[in-house]
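Chemist: Just so you know, the sequences run in chain order X and R.
For the first sequence, our numbering assigns the number 1 to the initial residue and increments by one for each residue that follows.
For the second sequence, our numbering assigns the number 1 to the initial residue and increments by one for each residue that follows.
Don't read these hints as lab results, they were simulated from the structure.
Model, not experiment: these values are computed from the prediction.
Certain hints may be false.
[What the hints assert, rightly or not] Over 12 Å on every C-beta distance to chain X, these chain R residues come out as not near it, computed from the model:
#1 Pro8
#2 Ile12
#3 Val19
#4 Ser33
#5 Glu52
#6 Thr53
#7 Pro61
#8 Arg63
#9 Ser65
#10 Ser70
#11 Ser79
[As the list claims (entries may be wrong)] To give a feel for the contact side, a few chain R residues facing chain X, derived at Cβ under 8 Å:
#12 Glu48
#13 Ile103
#14 Phe106
#15 Val114
[Unchecked claim] The list that follows gives simulated cross-link-like pairs (lysine-lysine, DSS-like), each with its CA atoms no further than 30 Å apart:
#16 Lys68(X) / Lys108(X)
#17 Lys52(X) / Lys13(R)
#18 Lys108(X) / Lys77(X)
#19 Lys13(R) / Lys57(R)
#20 Lys68(X) / Lys57(R)
#21 Lys52(X) / Lys68(X)
Note that beta-carbon positions come from the ideal geometry of N, C-alpha and C, so glycine has one too.
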Amino acid sequence: GNSVTQMEGPVTLSEEAFLTINCTYTATGYPSLFWYVQYPGEGLQLLLKATKADDKGSNKGFEATYRKETTSFHLEKGSVQVSDSAVYFCALGLNDMRFGAGTRLTVKP
Amino acid sequence: KAGVTQTPRYLIKTRGQQVTLSCSPISGHRSVSWYQQTPGQGLQFLFEYFSETQRNKGNFPGRFSGRQFSNSRSEMNVSTLELGDSALYLCASSWGLGEGKNIQYFGAGTRLSVL
Chain X
1 GNSVTQMEGP
11 VTLSEEAFLT
21 INCTYTATGY
31 PSLFWYVQYP
41 GEGLQLLLKA
51 TKADDKGSNK
61 GFEATYRKET
71 TSFHLEKGSV
81 QVSDSAVYFC
91 ALGLNDMRFG
101 AGTRLTVKP
Chain R
1 KAGVTQTPRY
11 LIKTRGQQVT
21 LSCSPISGHR
31 SVSWYQQTPG
41 QGLQFLFEYF
51 SETQRNKGNF
61 PGRFSGRQFS
71 NSRSEMNVST
81 LELGDSALYL
91 CASSWGLGEG
101 KNIQYFGAGT
111 RLSVL
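Given the sequences, and given the hints that come with them, work out the whole structure.
Modeler: What follows is the structure in structure tokens.
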């Protein structure tokens, strides 16, 4: 079936460090791929998305490229801030939405 | 434009009771999906409603049910509560069906504690 596997956390980084959170997927068909972010006490918010192979989604300095050949959608940011501390979810949309387990990111000053 | 509103934000119930959670989607959105979020199982899909009809269902027992009204508002009900039902229940709305082409907008959730 369709599923998403993302890098286990927690991830702790210093401010201005480079961030990568790995995400791979399994799907029968051509899914859309998403990254959602959840701040404490809140619901999920869409961070970025890509709807077809080789698309790059970007928002707030975060980027992810839809790689069909490696079935991946890794999230990257060149310089993280303390305000980026949150839980990040990779998700796959086909007939329904499937979410990864989430990766907790903590950024220390 | 108002976001997705879930009520109540917090609930405490005892085993065996039943509970109803409410979700008001963004105006104009016709699809409402429900998810259960727990530390152990992560985010799990419960069901999706579109135009008052259940279109998709996750792998949850029949104690979990839902419905959608003509104004797209949705409710989910859990009967005969068990301790393991303690979780954050999230509602998400989108314009169309959750086929991945429609962005889902999430509410802040209802945190249910079963004692």
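Chemist: If a hint holds in the structure, say so; if it doesn't, say that too.
Modeler: Do the hints match the structure? See the list:
1. For proline 8(R), the shortest C-beta to C-beta distance to chain X comes to about 15 Å, beyond the 12 Å cut-off, and the non-interface label holds.
2. Consistency note on isoleucine 12(R): stated as away from chain X, and its beta-carbon is indeed over 12 Å from all of that chain's, at 17 Å minimum.
3. Remark: the non-interface label on valine 19(R) is consistent with the geometry, its nearest Cβ contact in chain X lying 19 Å away (cut-off 12 Å).
4. With a closest Cβ-Cβ approach of about 7 Å to chain X, serine 33(R) is found to fall inside the 12 Å limit, against its non-interface label.
5. Even its closest Cβ contact with chain X, about 18 Å, leaves glutamate 52(R) beyond 12 Å, as expected for a residue assigned away from the interface.
6. For threonine 53(R), the condition that its CB be more than 12 Å from all CB atoms of chain X holds, with the nearest at approximately 15 Å.
7. For proline 61(R), the non-interface assignment is confirmed: its Cβ lies about 18 Å from the closest Cβ of chain X, beyond the 12 Å cut-off.
8. For arginine 63(R), the requirement that its beta carbon stay farther than 12 Å from each beta carbon of chain X is met, with the minimum near 21 Å.
9. Distance check for serine 65(R) against chain X: the nearest CB is about 18 Å away, which clears 12 Å, and the non-interface claim stands.
10. At the 12 Å boundary, the C-beta of serine 70(R) stays outside the reach of chain X, the nearest C-beta of that chain being 23 Å off.
11. Annotated as non-interface, serine 79(R) keeps its C-beta farther than 12 Å from every C-beta of chain X; the closest such distance is 24 Å.
12. Look at glutamate 48(R): its Cβ gets to within about 7 Å of chain X, closer than 8 Å, so that hint holds up.
13. The restraint placing isoleucine 103(R) at the interface with chain X holds, with a minimum CB-CB distance near 5 Å, inside the 8 Å limit.
14. A distance limit of 8 Å between C-beta atoms decides the matter here; for phenylalanine 106(R) the minimum to chain X is near 3 Å, and the interface restraint holds.
15. For valine 114(R), the interface hint is violated, since its Cβ never comes within 8 Å of a Cβ in chain X; the closest pair sits about 20 Å apart.
16. Pair hint lysine 68(X) plus lysine 108(X) does not hold up; C-alpha atoms about 34 Å apart against a cutoff of 30 Å.
17. Taken as a hint, the lysine 52(X) and lysine 13(R) pair is broken in the structure, with Cα atoms around 44 Å apart against an allowance of 30 Å.
18. At most 30 Å may separate the alpha-carbon atoms for a hinted pair to count; lysine 108(X) and lysine 77(X) meet this at roughly 15 Å.
19. Among the hinted pairs, lysine 13(R) with lysine 57(R) is consistent with the structure: their alpha-carbon atoms are about 25 Å apart, no more than 30 Å.
20. In summary, the hint linking lysine 68(X) to lysine 57(R) is supported, as the alpha carbons are separated by about 28 Å, within the 30 Å threshold.
21. Among the hinted pairs, lysine 52(X) with lysine 68(X) is consistent with the structure: their alpha-carbon atoms are about 8 Å apart, no more than 30 Å.
Of the numbered hints stated above, those contradicted by the structure are hints 4, 15, 16, 17, listed in ascending order.
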